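Visitor: Sequence:
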Amino acid sequence: MKSTTPRILSFLPETPSPDNDSLLEAFLRYTEAAGIALYPAQENAILELFEGRNVILNTPTGSGKSLVATALHFQSFAQKRRSVYTCPIKALVNEKWLALCRDFGPENVGLSTGDATVNRDAPILCCTAEILANIALREGNQAAVHDVVMDEFHYYGDSERGVAWQVPLLTLPQTRFLLMSATLGDTDFFERELTHLNGRNSVTIKSGHRPVPLDFTYSEVPLANTVESLLHEQKAPVYVVHFTQLEAAQSAQDFMSLNVCSKEEKARLSEALEGFRFSSPYGPDLKKWLRHGIGLHHAGLLPKYRILVEKLAQQGLLKIICGTDTLGVGINVPIRTVLLTQLFKFSGKKTAVLSARDFHQIAGRAGRKGFDDVGWVVAQAPAHVIENLQLEQKQATSGKKFVKRKPPEKNFVAWDKQTLARLIAAPPERLQSHFRVTHGMLLNVLSRRSDGARAMRQLIQRSHESARSKRQHTKRAWQLFRALLEPRIIEIIPPSPEGTRLRVNMELQEDFSMNHTLSLYLHETLGLLDPHAPDYALKVLSLVESILEDPDFILRRQLDKVKGEALAEMKARGVEYEARLEELEKLEHPKPERDFIYATFNAFAKQHPWVEQENIRPKSIAREMFEEYRSFSDYIQIYQLHRVEGLLLRHLSAVHKVLAQSVPDTAKNEALQEMENYLQTLLRQVDSSLLDQWQHMLNPDSPSDRSATESRPPAAPLQAAQTLDPAHRPGPFLARARDHVFRFLRALSHRDFATALEQLHDAQETPAPAWSPSTLESAMQPYFAERERIRLDPEARNAQNTRLFLDEASGQWRIQQTLVDPEGLNDWSAEFAAHVEALQSGSDRALSLVRIGSLL
1 MKSTTPRILS
11 FLPETPSPDN
21 DSLLEAFLRY
31 TEAAGIALYP
41 AQENAILELF
51 EGRNVILNTP
61 TGSGKSLVAT
71 ALHFQSFAQK
81 RRSVYTCPIK
91 ALVNEKWLAL
101 CRDFGPENVG
111 LSTGDATVNR
121 DAPILCCTAE
131 ILANIALREG
141 NQAAVHDVVM
151 DEFHYYGDSE
161 RGVAWQVPLL
171 TLPQTRFLLM
181 SATLGDTDFF
191 ERELTHLNGR
201 NSVTIKSGHR
211 PVPLDFTYSE
221 VPLANTVESL
231 LHEQKAPVYV
241 VHFTQLEAAQ
251 SAQDFMSLNV
261 CSKEEKARLS
271 EALEGFRFSS
281 PYGPDLKKWL
291 RHGIGLHHAG
301 LLPKYRILVE
311 KLAQQGLLKI
321 ICGTDTLGVG
331 INVPIRTVLL
341 TQLFKFSGKK
351 TAVLSARDFH
361 QIAGRAGRKG
371 FDDVGWVVAQ
381 APAHVIENLQ
391 LEQKQATSGK
401 KFVKRKPPEK
411 NFVAWDKQTL
421 ARLIAAPPER
431 LQSHFRVTHG
441 MLLNVLSRRS
451 DGARAMRQLI
461 QRSHESARSK
471 RQHTKRAWQL
481 FRALLEPRII
491 EIIPPSPEGT
501 RLRVNMELQE
511 DFSMNHTLSL
521 YLHETLGLLD
531 PHAPDYALKV
541 LSLVESILED
551 PDFILRRQLD
561 KVKGEALAEM
571 KARGVEYEAR
581 LEELEKLEHP
591 KPERDFIYAT
601 FNAFAKQHPW
611 VEQENIRPKS
621 IAREMFEEYR
631 SFSDYIQIYQ
641 LHRVEGLLLR
651 HLSAVHKVLA
661 QSVPDTAKNE
671 ALQEMENYLQ
681 TLLRQVDSSL
691 LDQWQHMLNP
701 DSPSDRSATE
711 SRPPAAPLQA
721 AQTLDPAHRP
731 GPFLARARDH
741 VFRFLRALSH
751 RDFATALEQL
761 HDAQETPAPA
771 WSPSTLESAM
781 QPYFAERERI
791 RLDPEARNAQ
801 NTRLFLDEAS
811 GQWRIQQTLV
821 DPEGLNDWSA
831 EFAAHVEALQ
841 SGSDRALSLV
851 RIGSLL
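Every letter in the sequence shown is one number past the one before it in the working numbering, and letter 465, counting from 1, is 465.
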């Protein structure tokens with residue numbers, strides 16, 4: 001809503017316990033003051049909600065479903081009930097959270113997505129479906145969840161995530177529901193299930209009326225020509241829908257040759273971008289496209305960049321947005337035209353023509369209510385068909401024959417005008433149940449303060465499955481239960497007055513979870529490691545990464561690097577071409593501890609037949625960053641991951657979550673705790689856009705972008721808010737200082753003397769010498785003559801190698817760092833003068849190099 005919209009809470013009745021009629025009247029006063037004219041479907045849905053009913057709202061995109069959800073939050077808040085908004089993807093949760101913060105005040109709205117948690121206990125909570133499902137499983141009818149909005153409810157039919165949408169409908173009898181989607185299909189089943197769950201009447205409000213009707217066309221000219229025509233016909237902004245992130249980025253670059261914006265429009269864009277920090281390696285490319293009026297939007301971007309594109313689009317400053325089909329989930333990118341580059345996609349299992357639901361979700365985003373009379377939907381013909389048409393036209397004028405272009409042989413499904421016509425006319429497919437039992441589900445249900453085993457049986461029996469499937473789910477639940485009982489993750493206890501017979505092991509942390517299929521493998525295998533071994537923490541990190549999904553793009557880039565290095569080495573040895581190819585085929589991306597991981601997993605799978613087709617996936621991403629002391633930007637640059645920065649961030653977030661919640665605290669030594677703190681710090685530094693925005697709403701004078709700080713592994717846990725007092729609190733002071741020390745040493749280890757000096761304090765104070773790259777290189781020459789390199793692994797970064805002391809002659813605090821070498825001599829050190837005020841302020845340059853040389 002616009003900033004001029006009256007804050008909704010000012011319309012609350014003054015009575016302490018307002019009834020539904022007075023609340024309805026208050027909400028209608030709010031809509032009138034905001035200049036909102038209700039559509040019939042909106043009005044009917046709001047009336048039903050204020051009668052206390054469950055509502056299923058099945059209306060087209062752009063028909064005001066969000067306002068109906070706002071009505072439910074308003075009613076719930078006024079009656080001191082707690083309401084929850086949930087939807088399928090984190091980006092949309094973030095967007096709705098910010099919108100609700102503006103309407104209800106940031107102090108009243110919380111966020112929980114797994115990646116970010118802010119003000120979680122607020123009376124209004126925005127969360128992903130999985131977070132709500134976990135609350136419902138863990139607390140059941142005791143959960144403080146009184147009203148729930150489930151947006152984009154068609155995700156109930158998603159094969160991987162649909163269970164999260166079903167669980168609340170099985171476990172929250174105290175809750176009233178509002179289910180919303182533009183593509184639900186038949187809803188009779190859900191009406192019956194909701195009423196059976198909570199005893200409230202349920203009603204479906206359905207309408208096919210679109211505030212902005214759609215016009216469909218089929219384009220048989222090249223993509224760039226189509227976009228150029230749409231710009232010329234004043235049909236911008238255009239969302240160009242791709243089905244891979246690479247294609248979206250390529251189009252953004254290709255469209256730079258088009259005359260997208262006028263000088264005045266570019267000036268407004270420059271003004272809007274002023275002050276925004278494009279701090280990651282991909283930032284300069286994004287900035288270049290944005291200044292030209294072209295946005296990029298997909299899950300591979302950092303959240304702060306996606307939010308920026310959405311803001312610019314909402315201000316009408318972007319003419320073209322190149323993105324993926326996530327547009328269909330409901331991301332708030334107001335557009336006039338949807339341009340589909342193809343009518344098929346790869347679902348993760350097979351390549352097929354778009355489903356009717358997917359097509360209508362994407363196409364339905366066209367047309368801006370209040371701005372457009374028509375929303376335009378354009379589908380491109382296949383590229384080879386367009387090229388053949390052009391060749392035919394050339395033949396007609398020149399008489400020259402041509403060879404017809406053929407469609408791609410792989411990952412391609414043909415489509416034409418008739419395909420488009422069928423999709424336009426087809427109704428959404430019926431939603432199918434995808435219930436399944438997992439370790440995480442069992443842990444949540446069995447940890448209830450009641451008879452968890454009975455609750456688990458009831459959950460399966462209430463599921464929307466056939467009788468045969470329920471028997472299979474029950475069998476699997478017993479298998480998983482026994483697997484949790486044997487390692488004492490779950491313990492049998494004497495019955496409590498509430499009926500509790502089971503509990504999660506008291507030695508495990510409060511938020512212990514097993515949300516990954518192979519979490520139990522991780523838990524059991526940890527016991528096989530020696531916690532006193534110097535590489536214990538690294539081995540745990542490898543186990544953690546092995547149970548996570550593969551970020552394929554990153555692993556492919558790692559393999560490319562491995563092959564490149566191997567090829568160069570084989571060429572130097574004179575290996576024959578055929579032999580080189582044969583050897584290259586044998587190579588894999590880095591898999592530290594692979595033999596140990598494969599052997600232990602095979603043994604685990606034999607003991608636990610329920611593992612079925614699950615595979616272990618050894619890899620080294622977080623471990624490699626930690627071992628080589630790489631910052632986020634370093635890693636992006638090394639592997640050229642610019643366009644998938646968000647993918648790397650999500651993987652590191654997943655690693656941190658498993659370390660924090662699935663590795664028992666009793667298994668964490670100092671090095672492992674350092675890793676956990678490193679990842680937490682890195683995630684906050686790389687992209688803090690959501691927390692910054694929330695804090696800015698609470699305090700408009702606070703800075704709104706602190707996410708540009710370079711992210712790098714800290715030498716010890718950092719506590720940014722602490723006062724650094726080396727005399728009385730040396731621990732936090734040394735933790736911050738060691739971060740600077742190791743940035744210097746990392747550059748020095750690569751013999752990049754200029755970069756090393758860039759890490760030091762600008763003012764070289766006496767008695768520190770005036771260092772230059774050449775003098776530093778000369779000082780290090782004896783070291784590198786006898787030693788291969790400077791070690792930066794966790795053993796080298798052990799706190800025992802760093803000494804803090806006060807130099808009485810100068811009155812300065814000094815830090816002496818031993819240079820750990822592969823030969824184990826460790827007879828060199830670097831001594832630094834610490835600038836306390838610079839460290840306290842968070843300066844990037846807070847140390848001066850006093851001396852570096854032999855200790856002998």
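Certain hints may be false.
[Stated by the list, open to error] The calculated lysine-lysine pairs, modelled on DSSO-like cross-linking and capped at a C-alpha distance of 30 Å, are:
no.	residue 1	residue 2
1	Lys80	Lys349
2	Lys586	Lys561
3	Lys80	Lys90
4	Lys263	Lys350
[What the hints assert, rightly or not] Each pair of labels, with its calculated beta carbon distance range:
no.	residue 1	residue 2	range
5	Pro664	Ala568	21 to 27 Å
6	Gln174	Pro609	36 to 42 Å
7	Pro773	Lys586	38 to 44 Å
8	Lys561	Ser843	48 to 54 Å
9	Leu581	Gln253	49 to 55 Å
10	Pro773	Ala224	44 to 50 Å
Note that these hints are calculated values from the structure, not bench results.
Treat the numbers as computed from the prediction; the structure is a model and nothing was measured.
Even for Gly, the Cβ is constructed at its ideal location relative to N, Cα and C.
Visitor: Okay, which hints does this one fail, numbers in order?
Guide: When the structure is compared with the hints, numbers 1, 4, 5, 8 and 9 turn out to be violated.
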